[in-house]
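Colleague: Let the hints inform the model, and build the full structure from the sequences given.
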Amino acid sequence: MKAVRRFAELFRNSPTFGRDRANIISGITIGTTALLLNGVIMMMILPLMLDPDDIDFRMLTENMEFGQLLGLILLGGATAFATVLIPLRLASVFMAPRIGRYFDQIVLSGISPIRFLIGKVTSQNLFLALILFLLLPWFVLVLSLGGLEWPVFLGNLFLVWQYCMMLSLAMLWLSLYLNEVLAGLALLYVAAVLCAVGCAPLPWQPFVVTPFPALMYSVYSAVNLTDPELGGSYPGIFLACAAGMATVMAVSLGAIYLGPLYGITRDNSTFGEVVKAGDSKRRRRFRFRLHIQRPSELAFFYENRGDSFRKYEGLLRWGIALGFLLIAGTAAWSALYFLMTRHYLPFIRAGNRLPWVAYEFHTLCHGVHGVALILAVFLFSHARNTTYQRLPVIFGWKMQVSRMDSAAFGLFLLISTAVTIGIPLWIEQSAAIPAGVTLFPTTEMQSEQHVRQLDYLRLSVEGTLALSLCGVAVYFLQRTLCLSLWMKSMAMAVGALLYLAACITPMVLGAIIMEIPQLSANPLLKYNAPQLAMTSPVMFFLFLYQEGGPFFREGLSTAPFYLVQVSIIAACVIVMRPLGRRLRREYLGPLRTENK
Amino acid sequence: MAVISRVRSLVLFTVILTTGLTNVDAQTASVGDEGPNVDFAGLDIQASAGWDGYVDDSAPVSFSFLISNNSDQVIEGTLILEDPLNGRKIELGEIFVGPNSVRQFQSIQAMSNWYQCVASLSGRNKTYWRRELPLHTGKDFSAEINYLLFVDDSGRSLQLPVDETVSNSSGRFLPQLGKGNPVQPLSAKTWQIPRHPGPLTVVQAIVFSEQADADRLNDVQWEAIAKWMCLGGTVFVCEKSTEIIDRLKKATPLEMLAPTSFEQLAVYRCGAGSVRAYSGQLFSASDLETPRLLATATSRLTSTNLASMINWAHLSWGENSNSDVTRMLVVTVFAGYWLMSGIITLMIFRQSRRRIAIYTLTVVAGACVAAAVLGGVLRSSYGDLRWASITQAGPGGIVQLGKIDVRSAGGRNTLMAVRGKHADLQLMEGMIRDPYPFYYFGNQTSHDAFPPFRWHENLQPDTSDAYQIRVPVTPWGQRRTYATGYDSEVRPLDVSLKYEPPSAQWAGSGILPGKFTLTVTSHLPFDLAECTLVIGRTDALHTAGKQFTRQGFQPSTQVVGRQSGVQFQRADANERFSNIRSSHTVTQEFTDLRLRYRDNSTWGFSSASGVDIADIRNNARSALPRAIDAWIVGKLAISPVLAIDEEHSDFQPMNESHLFVQEIPAEALPLEWLQFEEERLQQQIDAALKASR
Amino acid sequence: MSITAVEIDNVTKTFDDLIAVDQISFHVPRGGTLGLIGPNGAGKTTLLRIISTLARPDSGDVLIEGESVQKNPRLVRTRLGFMPAEFGCPRNLTIEEYLDYFACMYDIPVVERRQRIRDVCELTDLSGREGVYVKGLSTGNRQRLLLAKTLIHDPSVLILDEPASGLDPRARNELRAIIRTLASLGKSIIISSHILPDIEDISDRIGILEAGRLVLEGDLATLRAQSAPAHRAIRLRVPTEDLVRASGVLSSLPNVTSCETRDQQLIISSDEANSNYLLAALLQHDIRVLQFSENETNLEEIFMRSTAGKVT
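If you read the sequences in order, they're chains L, E and V.
Last residue of the first sequence: 595 (numbering that gives the first Met the number 0), numbering continuous.
Last residue of the second sequence: 692 (numbering that gives the first Met the number 0), numbering continuous.
Last residue of the third sequence: 311 (numbering that gives the first Met the number 0), numbering continuous.
Note that these hints are calculated values from the structure, not bench results.
Where is the CB? At the ideal position from N, CA and C, for every residue including glycine.
Fair warning: there could be bad hints in the mix.
Far from chain L, some chain E residues (derived; all Cβ distances over 10 Å) [to be verified]:
id, residue
1, Asp38
2, Glu81
3, Gln103
4, Gly122
5, Glu131
6, Ser208
7, Phe261
8, Glu262
9, Glu288
10, Thr413
11, Arg453
Under the rule of at most 20 Å between Cα atoms (straight-line distance), these lysine to aspartate or glutamate pairs were calculated in the DMTMM-like manner [stated by the list, open to error]:
id, chain 1, residue 1, chain 2, residue 2
12, E, Lys88, E, Glu428
13, V, Lys70, L, Glu302
14, E, Lys88, L, Glu61
15, E, Lys249, E, Asp218
16, E, Lys249, E, Asp214
17, V, Lys70, L, Glu585
18, E, Lys88, E, Glu131
19, V, Lys70, L, Glu312
20, E, Lys497, E, Glu677
21, V, Lys70, L, Asp306
22, E, Lys88, L, Glu148
23, E, Lys497, E, Glu666
24, L, Lys1, V, Asp106
Label-pair ranges, simulated between beta-carbon atoms [said to hold, decoys possible]:
id, chain 1, residue 1, chain 2, residue 2, range
25, E, Ser379, L, Asp55, 27 to 33 Å
26, V, His193, L, Pro577, 40 to 46 Å
27, V, Leu74, L, Val574, 39 to 45 Å
28, L, Ile319, V, Gly217, 40 to 46 Å
Modeller: Encoded structure:
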């Protein structure tokens, strides 16, 4: 009971709620809201009022009660309005204190981030209340015109409220990782797309994280516009929307509580300021090192977080990340298995020839493995001010972030590699052979003229191992760049460009040698051009899938590819050592004396 | 190339992977196939939608139930129709059947948006009986076929003479020499005859056998048949069944004239239809002479009636209707609210928070009061009404059919009432049955029956010659009603038409050569304006020219097939013979009529804005092969039978227009003209045969 | 419960190649007031930020009432009241809403909050102006409001960073009175300022920083003793026309080591403990004495003598 009371206290007793409550009654807020909101509603109502004989409107007004239709327009308008304004209103949650230069006073109050931020979510209720209050005259008109289905209307109103709460929590979560303006724009874009797709009359509506499927249900079932199989019922769609939004709210709330993993920047910043030697106060104010200042502020702020999860922070963060990857991987492999056993294999068994099935199946297996590794590289790497931070894992045992990253990536790499090799073999035994077909054919018709020999077993196993090796090379590259750049996403972008260059350059050089007569006239160059191109992973896989055509001569060795990947790893290890030593000295030096 | 094709198939494979997951269960979500049949010991219910499996859901559908309770319990429950696919549900009515008794139940429903129909009789907590009543049997009514409904309880079905050379004729009668439409016989029991003429307008003729018992139908059913006859239906009765003729004579709202002999039948003309008495035996072991006689007569009947003519009437609301005023009122009130709450609040942002809060509260409260008052005004506002009618004069009086559109100006459950002799008023529902059931009344596919409606009983049963119904309409929504009225005291025009064939060879297809002399004497209590003579004739199919298709041309015994369009032309504009005042006689001569072809032409006239009546497209009687017709058409300034009962209606008339039509009966057409048309048609046929070889 | 409120142990902080704070150690006893003075860039603000958990030292530690600022920053922050040099404030709030905002921030129970706001307003002379918008306040009232906000959660240790900057003499005087009241209430105060007379007036211990190093630290008497000159310095003011004669009379006296004329004043340094003999000599020569003061060594002099004027 105490926990429930404390959780309720979170909402009631939050300073941001008190401040927003004080600010909600202002000429600017009320005037802007009324102007935009009534504008949106008038824009939606005017076509109905000015040209009621239009065919499309007649289809609506003839089949739906006008009161019900007007009620849906009001809720739809309020939802569209909230979708635009809530992210922008919440963009000031950290920016206002930073610009007003009182963020340090907030941190010094010792207030926990969840209590500070939750007030912003609660105050959106004030904003929604203001929206509904300003729509009151419209609701009075709806009531007087009659024809409103109360249960549906109240259900939709609840979903609109839940949608506002979800938008607020998602925005606050994104603001912990992105610049507030970027976070607002990104959330606005995603929410607008989901709302638009949520309006589509799909038999199975997957986009149930907005209220629009429920709002539009009344319209579609009234005008009978859809495939009779839409059927379903309002309660079912209502529960789907409520559950979808509740899931997003829960994940956002947990992520806000846990907070981002930012280490306090040591080398040249204090709270909210990045100081360079010889900086004057004026120049300090106009310095654009937001990418350092923002994480630094949040790091100090999250020192005020409660201790309940602090003892298991390492286990929680890496456990959740690993769990997410495993769940996503399981979903992808299940979909592939389901598709093969329920669609493709029966299709083949029915006598239809699908020469490409085996090829595409193995391509997709490597695709799933590759995407999973890229996600793992991003999740298990941290910026320079965090990578050497020591976090409690369990029972008071502490471990460095970098070591947890390496351990988690290594573990996931093993699991994914094993699954990518194992599942095709398991499907072969459990479904393909009983169906009288094989996913490892020895010969394959490429086209009527050309029959090709392709060893699918080697393609599956060696392709997977090669992909894992590339994954390790990319990971080391990412970890090295993280030690020198401030932002993990910047490191990921630079790493991607570097590795892309490593893939493209050998291909281009090999092609140039083969294409330019002067070069290809030299027998030595001509003989070694394919070998040079083979250093590129792309060429390696083209060779493995026998897509290179005449370019790959007989007896070509794949050793150059392995050589290059191993040398990338070695180079990274060599570069990481001095960088790591300097950062450890800076971040672990004084602490080591303390912790002894 | 291999790489490109491989990438394309890879993308396809991935797309299937992603979408396959989301839709894999969609197919398995279709409705279960198992049958819904439920029965109850001792309870036998015969139920039907339409007749003989023929259901026209673009017309009012007649649902009939014959409930026999052979158990010793009282059966009490509600008859319900449900569409499991889209959740629609209609309660037909409460049923109470005592032990060992039989009960008939009849209902008329609009089924234009229904995919499947399951009828059930449900008690308080149990279902006694459930059956599926198929709506989509593949047997649809067609405008190219005439339907002969044989009403008989003996279980026999009418056999018509069939042409052996045509395969799969499904018992249809094909008229000799293509003169007339094919005739499809249908069977119905007496308990399947509806209580309103609407559903009957899909058939052209009803036939009773010589053993038919008049008492098998109740008075409401006889009245429905009689009204259907006045609207253009034909009833074949054995000349010995005088009791049936008397029941019809008593039930008809118009006067039934004395019989005249026509094509071996005694024809009692009444309004636009007639009773035709036959002498032979319907079920003779030796020959099918009587069935052939009736089938031939039926094939010559037009499938057009007053309902199909009025379907083409185009209506407009005119200016400054109540709906326009109330809509502008809503826009004005909320534009003011927008100004006060948005712009003004922004302008006073320097004020204190308390003052801003007070101002906002005041503005919102004021707007709420204004909205409530506005809502009250809208709820009590009068709606708009526009209507058009066609009055057909014929033997025994006049029949008026009105198409009345009502539009709410903000109100909801509103009342609609008409006055007039034998007045009837029904509310139409979804007009066109397709995936987009929109209510675009202006343009109607050619359809010869009443639009679908759900029968509404009269809310003013005690007031004679008045009919009031409730019109549930959403604010600014539109609904359509059909009203009918009959007046037996109005004598039709006396018309005489003479024709002198041309002396020389006639000049070509665009001209109707020769001289017509038309003399009209009006006994009508009202004046006619802009009158004109409208003539219907038939052409043979042309194989040459792109205009016509070979459809229906049968080079075997059937010389002439159904031509592709209705060749109804009207006399040229200058041939109009202006107004016919009440109790006056007008004589007009027409020489070498210049004719205008209208494909699928139909009656059309517009509102008072004065679109020239010369633009009439005439489908008064779709000209059947080898048939010719002639009509007098004019405009009426007033509505002769029906009137909008403004006192008991929530709508105000905005716009009305009335048309008068009277057919010159076949027997009154000049023989010279008939022979001339016969020779012309034969020449066309010979030319068509030569061209087809 | 330790007897020292604030203990700074060998704290170092560098920015790139700049050593902002270089191995500083000192302590502030409970209820004591330490004045921290030093030129711009001496590291005062960096040190105060480290003490108030807004920066991490590269080495060394700070204990606030026995709690380490690095290991348990959240607990330290609840015991600490930090008044920053710049006044930052949420938009569009009145004084009461501003104080309520931070009272809620410090999780003060709602029932106590109104009374607590009334107390701090009274202490900082803001009573009766709770409804005034913060953005309309004068600099003096803003500093008071900032001080009120700093006291709202009744911290035991106060860190005041240049509280009197930008104030007129009267406002400074009132602020000094408030700080004296706080000291008397048992608060431990660390105050940094450029206005040396204010520091001298309210601090019982002084710390002088230069180029990141603590050059001098201790109570005021000790500092005076440590930095007092060999001779006593006396200031005399006589009518302008008697200035030269008076200088000559005084220079000829046996215990007078030097007699300088500066700004229409005579600065005499003498070995004699009692300076009355100077007055007697002037009276004998019928020279009117307008002003006579015997300056002990003031903080400014201590500061000027102990710092080399290094600026980073």
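Colleague: So, for every hint listed, does it hold in this structure?
Modeller: Against the structure, the hints come out as follows:
1. Asp38: Non-interface label stands for aspartate 38 of chain E: nearest chain L Cβ at 27 Å, farther than 10 Å.
2. Glu81: holds, 13 Å
3. Gln103: holds, 32 Å
4. Gly122: holds, 25 Å
5. Glu131: Given a closest Cβ separation of 15 Å, the condition holds.
6. Ser208: holds, 43 Å
7. Phe261: holds, 46 Å
8. Glu262: Correct as stated: the minimum Cβ-Cβ distance to chain L is 47 Å, above 10 Å.
9. Glu288: holds, 50 Å
10. Thr413: holds, 12 Å
11. Arg453: holds, 15 Å
12. E:Lys88 with E:Glu428: holds, 15 Å
13. V:Lys70 with L:Glu302: Holds: lysine 70 of chain V and glutamate 302 of chain L sit about 10 Å apart, inside 20 Å.
14. E:Lys88 with L:Glu61: holds, 18 Å
15. E:Lys249 with E:Asp218: With a Cα-Cα distance of about 10 Å, the restraint between lysine 249 of chain E and aspartate 218 of chain E holds, given a limit of 20 Å.
16. E:Lys249 with E:Asp214: holds, 14 Å
17. V:Lys70 with L:Glu585: It holds: about 18 Å lies between the C-alpha atoms, which stays within 20 Å.
18. E:Lys88 with E:Glu131: holds, 14 Å
19. V:Lys70 with L:Glu312: holds, 16 Å
20. E:Lys497 with E:Glu677: holds, 17 Å
21. V:Lys70 with L:Asp306: holds, 12 Å
22. E:Lys88 with L:Glu148: holds, 17 Å
23. E:Lys497 with E:Glu666: Given pair lysine 497 of chain E, glutamate 666 of chain E holds - Cα atoms ~13 Å apart, limit 20 Å.
24. L:Lys1 with V:Asp106: Holds, because 17 Å separates the two Cα atoms, which is no more than 20 Å.
25. E:Ser379 with L:Asp55: 27 to 33 Å: holds, 29 Å
26. V:His193 with L:Pro577: 40 to 46 Å: Between histidine 193 of chain V and proline 577 of chain L, where Cβ atoms are some 44 Å apart, the hint holds.
27. V:Leu74 with L:Val574: 39 to 45 Å: About 41 Å separates the Cβ atoms of leucine 74 of chain V and valine 574 of chain L, which means 39 to 45 Å holds.
28. L:Ile319 with V:Gly217: 40 to 46 Å: About 54 Å separates the Cβ atoms of isoleucine 319 of chain L and glycine 217 of chain V, which means 40 to 46 Å is violated.
Checked against the numbered hints listed earlier, the structure breaks hint 28 alone; every other hint is satisfied.
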